[in-house]
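All residue numbers for the sequence shown refer to the numbering used here, where the first residue is 730 and numbers rise by one.
Source of the hints: derived by calculation from the structure; they are not laboratory data. Worth double-checking, as some hints may not be accurate.
What the hints assert, rightly or not - For each label pair, taking beta carbons as the anchor points, the in silico distance ranges come out as: (1) Ile816 - Asp780: 17 to 25 Å; (2) Ala812 - Ala768: 26 to 34 Å; (3) Thr798 - Arg822: 14 to 22 Å; (4) Ala768 - Gln811: 25 to 33 Å; (5) Arg819 - Ala768: 26 to 34 Å; (6) Ala768 - Asp814: 23 to 31 Å; (7) Val817 - Lys781: 13 to 21 Å; (8) Val788 - Gln811: 12 to 20 Å; (9) Ala799 - Arg828: 12 to 20 Å; (10) Ala812 - Gly790: 15 to 23 Å; (11) Ala768 - Asp803: 16 to 24 Å; (12) Arg819 - Glu772: 14 to 22 Å; (13) Val792 - Arg815: 16 to 24 Å.
Cβ coordinates follow ideal geometry from the N, Cα and C atoms, glycine included.
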Amino acid sequence: MDGAQLVRIVLATALLGAGSGAFACGEGKHGGKGTGQPAAFREMLEASLADKHGLEFHVRGQVIPGVVTAISDDGAVEVRNQARDRIVIRLDRVDAIGR
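The whole structure should be built from the sequences, with the hints applied where relevant.
Here's what the structure looks like:
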């Protein structure tokens, strides 16, 4: 195990161990029109779309901040942030969503 893998494990453990409920992990009830994603994912996406508040998408060790601008039925979400006008994120690649 190299240093980078150890850092990823420590960060993942810290995020999952936060216990504050700020992150929607892959546990619990699934929802979202057959996407296989937790219902909390869909709730957070729809709230961001309606209220225009930002979310953090955790994808393979990277964090992508953004406000949801569209939710597609094919398992993707479109967001924008200060750096990019349009970012399309596949929901099957999202590990966690934070607010």
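Hint by hint, where does the structure go against what was stated? Just the numbers, ascending.
5
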